[in-house]
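Colleague: As a plain string of letters, each chain reads:
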Amino acid sequence: MKKLSVLLNLLILLTTLAYGEDQYKFDLSETEKKPYHFGGYVEFKPIIFWPNTNAAQYKLNYYKRDPGGNTEEYDAKLQLEGSYEKEAARLYFKTNTDYKNSYFGESQRSTFYEGYLSLKPSASLKVDAGKRTFKWGKGYAWNPVAFIDRPKDPNDPELALEGYIVVSADYIKSFEGPLKTISFTPVLFPVYDHINDSFGQSGYPNFAGKLYFLFYDTDIDLIIFTGGSKTTRYGLDFSRNMTTNLEVHGEFAYIRDYQKNFIDSNGNSYLSEYNARSYLLGIRYLTAIYTTYILEYYHNAPGFTQGEMKNYDSFINTGYQSYLSTGNDTQLQKAANLTTYQMPNPMSNYLYLRVSQQEPFDILYFTPAITGIWNVDDKSMTISPEVLYTRFTNWELRLKATFLIGVTYSEFGEKQNDYRLEFRVGHYF
Amino acid sequence: MRDILKIFYILSTLIISVPAYAAIDGTQLLVQIDRNLNPESYEMYRKLINVEPDGRKKEYTLFTVKKGLDKVAAVFLAPASEKGRSTLRLGENMWLYIPNVGKPIRITSLQSVIGGIFNNADILSLDYSAEYDVEKVDEKGSEFLLYLKAKNKTVAYDRLKMWVDKNKKLPTKIECLTEAGMLIKTLYFKDHKDFGGGLVRPSVIETDSPLYKGYKSIMLFAKIKRKIFKDEAFTMTFMPNIDSLRR
Chain A
0 MKKLSVLLNL LILLTTLAYG EDQYKFDLSE TEKKPYHFGG YVEFKPIIFW PNTNAAQYKL
60 NYYKRDPGGN TEEYDAKLQL EGSYEKEAAR LYFKTNTDYK NSYFGESQRS TFYEGYLSLK
120 PSASLKVDAG KRTFKWGKGY AWNPVAFIDR PKDPNDPELA LEGYIVVSAD YIKSFEGPLK
180 TISFTPVLFP VYDHINDSFG QSGYPNFAGK LYFLFYDTDI DLIIFTGGSK TTRYGLDFSR
240 NMTTNLEVHG EFAYIRDYQK NFIDSNGNSY LSEYNARSYL LGIRYLTAIY TTYILEYYHN
300 APGFTQGEMK NYDSFINTGY QSYLSTGNDT QLQKAANLTT YQMPNPMSNY LYLRVSQQEP
360 FDILYFTPAI TGIWNVDDKS MTISPEVLYT RFTNWELRLK ATFLIGVTYS EFGEKQNDYR
420 LEFRVGHYF
Chain B
0 MRDILKIFYI LSTLIISVPA YAAIDGTQLL VQIDRNLNPE SYEMYRKLIN VEPDGRKKEY
60 TLFTVKKGLD KVAAVFLAPA SEKGRSTLRL GENMWLYIPN VGKPIRITSL QSVIGGIFNN
120 ADILSLDYSA EYDVEKVDEK GSEFLLYLKA KNKTVAYDRL KMWVDKNKKL PTKIECLTEA
180 GMLIKTLYFK DHKDFGGGLV RPSVIETDSP LYKGYKSIML FAKIKRKIFK DEAFTMTFMP
240 NIDSLRR
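Chains as they are written, first to last, in numbering that gives the first Met the number 0: chain A, 0 to 428; chain B, 0 to 246.
Treat each hint with caution, since some may be false.
Said to hold, decoys possible - For each label pair, taking beta carbons as the anchor points, the in silico distance ranges come out as:
#1 A:F183 - B:G140: 56 to 64 Å
#2 B:G54 - A:S197: 49 to 57 Å
#3 A:E31 - B:G54: 54 to 62 Å
I should point out that these hints are in silico values taken from the structure, not numbers from a laboratory. A virtual CB, placed ideally from N, CA and C, is assigned to each residue, including glycine.
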């Protein structure tokens, strides 16, 4: 027994020593640069929906079907990325494959999110040609000045987005004094058949540009888009750390001659043309106990008014009644084709609040958060509590619930679900 | 007479040598400590290891570049989930670039981009003499004890207590304190190593914190080399390309 105890203690001692040696190991091969890189991300995301059978969007999507209660969806995502670098040149690509298995059946879409060649003759100059994203703007949930990006989903603002085919450059100049940096990013943005044709009207070689200043410790961007595929638009954004724990940011977008298509409750189409002025103001605040608050107010000038949105929902309701009594779904099909009404946050005024707590109760890599999006006009809202756990290297686990709250004829009150619960498992490799 | 002269010589030697430390210039000492830790402009590799109470670890590898007093940038090389993330500090401004998010966002020095005991200020640390004034220097046997006070409110830790090896002029331990004197974390400098170019310094910094009982974080250093990069490499626009500075 005594021998066994000694042996056990020796084993513990050896394990401790081995652990101690391993603890401080820094293999220098990890620091060697390879000319190529290949990696990726794979995700599995089951979702349960609790439908709101009285909502306009439910009637629009399920008028020919009866799921008979909760519905489930199984989503999967695969992203592959790689690069090859030689001297001043770098080739980069990122693919995205989305697979969805839902009540409506299976679907799959694969595309290149990005794929471009970069030439970087010096630290001051870089030229890119190919498909890429820009992500202009300082807002977390919305970016009214992101003129040449696809709209991001405020429910998941950090998701990767698909880019557009462009030729762009970055020229950077640094200074001493209150003006520390200037950079200029000109972009040639062609829109022709099979090239960026989902962006706007075809047949134009559009131009966009961003001028960035770091001036008195404030990031300032001046942005322009002009051409013929969309009307000319100007943007300005800023971001500044006021203290070590408070950041303020804002965006302003001016869209000339914006054309808004909308319908009345009978489905008659109207066109309104005006100069649209959108803006966003936000703060990011970190408390002494590492709680982060992100608060943003967004005025979306191209968005629909409460009355316009109510007309759309009324049109769906009458179309649904018509379908039930006659079997004719023409009205509902017309409503389904009005996709601008179905974009995320299609109305005019929103408030966004996200509160996240970094590693509460000394639990490392654990981040609970709650996010609320309020439609200021119709007082409807979504509330999404979530927990994120990243303890295991290269793995990310997230459990998220979303509650949609609102009265009849409000944005979130007319969505097809009352609640949803999703679990996301992601792995980087 | 000769004895008197001898006594006078001994006494005068003692008088001259005793206040040598008492009259030490704390500011100059701190600058010397900075230069003994790093060249003013450099590149280096670091590994950060978060160790949990049960011994489980999570590791991160970073490439870091620094220029002058107020410019420092770093890019994560591993693990895959963090690869390509970069952080930039330009004086009091700090940004984080996440490849998926696709644009740099402003961050604050007290946040931690990796979780654990190391925060952004530790990862993007500038020279101590750039951020702190020396209030007092005490002698503790073979060590100096420097009492440092932040030059302004934007510095992550308001006060530092720095124990310094008298001979090597290198820190052995640093306590990071709030304005009210509350201990946030302690850094232990260990395992001196010759990095070449005349730089001999600790290759390991171990950290613990009363705020994270039982946890510790370790920072390992490798390939610290004097190198001067262009100012444009320390800009928000350049952040997605910091990895291109590696050769």
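Colleague: So, against the hints stated earlier in the document, which numbers end up violated here?
Modeller: Violated: hint 3 alone.
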